[in-house]
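2 protein chains.
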Amino acid sequence: MSSSDVVTAAVLVIGDEILSGRTKDKNIGYIADYMTALGIDLKEVRVVSDDEAAVVGALNALRSAYTYVFTTGGIGPTHDDITADCIAKAFGVPLEFHPEAVAIMTERATKMGTEMNEARMRMTRIPKGGALVYNKVSGAPGFWIGNVITMAGIPSVMHAMLDEVAPKLKTGVKMISESIRADAREGDVGTELGAIAKAHPDTIIGSYPFVDEKGGPNTNLVIRSRDAAKLAAAKTAVEAMLADIKAKMGPI
Amino acid sequence: MSSSDVVTAAVLVIGDEILSGRTKDKNIGYIADYMTALGIDLKEVRVVSDDEAAVVGALNALRSAYTYVFTTGGIGPTHDDITADCIAKAFGVPLEFHPEAVAIMTERATKMGTEMNEARMRMTRIPKGGALVYNKVSGAPGFWIGNVITMAGIPSVMHAMLDEVAPKLKTGVKMISESIRADAREGDVGTELGAIAKAHPDTIIGSYPFVDEKGGPNTNLVIRSRDAAKLAAAKTAVEAMLADIKAKMGPI
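Going down the list, the sequences are from chains A and B. Following my numbering from start to finish, the first sequence increments by one per residue and tops out at 252. Following my numbering from start to finish, the second sequence increments by one per residue and tops out at 252.
Calculated from the structure, these hints are not laboratory results. Predicted, not measured: the structure shown is a model, and the values here were computed from it. Check before you lean on any hint, since a few could be wrong.
Note that the list lumps identical chains together, so a pair holds whenever it fits in one copy or between two copies.
Here are the simulated DMTMM-like pairs of lysine to aspartate or glutamate, each with C-alpha atoms no more than 20 angstroms apart in a straight line [stated by the list, open to error]:
| no. | residue 1 | residue 2 |
| --- | --- | --- |
| 1 | 24 | 107 |
| 2 | 235 | 52 |
| 3 | 136 | 118 |
| 4 | 248 | 118 |
| 5 | 246 | 164 |
| 6 | 26 | 118 |
| 7 | 235 | 213 |
| 8 | 230 | 178 |
| 9 | 198 | 85 |
| 10 | 198 | 118 |
| 11 | 24 | 178 |
| 12 | 111 | 164 |
Okay, chain A solo, but in the shape it has when bound (with noise of 0.2 angstroms):
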């Protein structure tokens, strides 16, 4: 498998208010899921206040190691949207006006009978040679600067933005998995485990222990492989640990 089988990325959250707990992040479990579906390796998340030296830096940091990055939050219109201004000046850009969001953000303006605005126009602003990315919900354009996506930060609004940017991304090979219920404590397969793992090393095993049904511990094992054959030979190898197991301990 070569290494341009593989896509990753990495989600930039912007926000004070979830920092300080009063916001509850929904857009981290929802990005994962979907570049999961897509075949792209989310491989890391960052959440930074509104403060422009700490988004630069993230910002540097993760476009330079993945091959995209989704940022959240901070694209509003008041003075603490600071998103666009860290991105053109992380990528060394002027930030401007765009005309086709202005003409947006002013038909909007419009036909809820408010006015186009100073704050409002801060919302047009855009890090010269970046495309905007439509949204449905609420109008209001993100943007796509090189390999950095820049999202709202409201849920519906997001989702929007990735459904409208996901056609266009490069996808890997889809990691498939398997999940099997151990009916084991994580600590009598601990070992076992380990050495499957260390057998098929192109697959990722993951344990999870839970609380089952009966108010017991159990554990979850997961196997992810972007190989159908590879991951199924470790899912028979420890099927056979698990009846091993089983046999010598007895039911949980």
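Position chain B against the provided structure of chain A, taking the given hints into account.
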């Protein structure tokens, strides 16, 4: 206000299952609320995969930048639980079986009628010099070394560990906040709000759009400060601004 009044923190979430979307993180928001209540500024969050280079890199970046780093996840008994190894590596200390952790885990294994095997022994490995962080929920301890506090990923266990360390944390002057419902669109208050924010530099003013009970666009304005008098002055300015705008535009 001196800089010693400000205590900062970062959260490092470790786990493939968060990045694949399989598990939805519930710890970030919980820790954010907890830090705010304690008077500690949560400044950054990162989520990384179960990969040594990724964990060590993030940990070193965060522990040099903030007063405290709280990690969640990766301290279970299986091969994909590599947090203790990574923290030992980051601090340049050996990872050792901690006698008290061994005693706790052995007693627990005996009570459950299971064996103290190699997998469970993994959970007693603590970076040399680290102190145990007890948990009354599942028994298995976390640990505290330098300015890094390592906790479980399972929310109920993490909560117990946070309660255990909270009384020992240095805390700063608490941030206080006032929330004002604008009854106005964000785009109609943005310009004026920006001017108020500039005129009140010891406050942090955030603007958060929401859909109200009539289904229309509305905005919450949140003013935060460590100084009650400065908070009150900014609040008065915001309320006067909202009254002016309502007089001009009528109700939304």
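Cross-check of the supplied hints:
1. For the identical chains of this complex, residue 24 and residue 107 are neighbours neither inside a copy (32 angstroms) nor across copies (38 angstroms), given an alpha-carbon limit of 20 angstroms.
2. Taking the shortest Cα distances, residue 235 and residue 52 never come within 20 angstroms of each other, neither inside one copy (47 angstroms) nor across copies (25 angstroms).
3. In this assembly of identical chains, the alpha carbons of residue 136 and residue 118 never lie at most 20 angstroms apart, being 23 angstroms within a copy and 55 angstroms across copies at closest.
4. Proximity of residue 248 and residue 118 under a CA criterion of 20 angstroms is satisfied inter-copy only: 16 angstroms between copies versus 73 angstroms inside one chain copy.
5. Within a single copy, residue 246 and residue 164 get their C-alpha atoms no closer than 49 angstroms, and across copies no closer than 36 angstroms, so neither meets the 20 angstroms cut-off.
6. Taking identical chains as interchangeable, the C-alpha atoms of residue 26 and residue 118 are never at most 20 angstroms apart, the minima being 30 angstroms within one chain and 38 angstroms between chains.
7. Taking the shortest Cα distances, residue 235 and residue 213 never come within 20 angstroms of each other, neither inside one copy (24 angstroms) nor across copies (50 angstroms).
8. For the identical chains of this complex, residue 230 and residue 178 are intra-copy neighbours only, at 12 angstroms inside a copy versus 56 angstroms across copies, given an alpha-carbon limit of 20 angstroms.
9. Only between protomers do residue 198 and residue 85 lie at most 20 angstroms apart by alpha-carbon distance; the minimum there is 17 angstroms, versus 47 angstroms within a single protomer.
10. Taking the shortest Cα distances, residue 198 and residue 118 sit within 20 angstroms of each other only across copies (16 angstroms), while inside one copy they are farther apart (59 angstroms).
11. Proximity of residue 24 and residue 178 under a CA criterion of 20 angstroms is satisfied inter-copy only: 18 angstroms between copies versus 30 angstroms inside one chain copy.
12. Taking identical chains as interchangeable, the C-alpha atoms of residue 111 and residue 164 are never at most 20 angstroms apart, the minima being 23 angstroms within one chain and 55 angstroms between chains.
The earlier numbered hints that this structure contradicts are 1, 2, 3, 5, 6, 7, 12.
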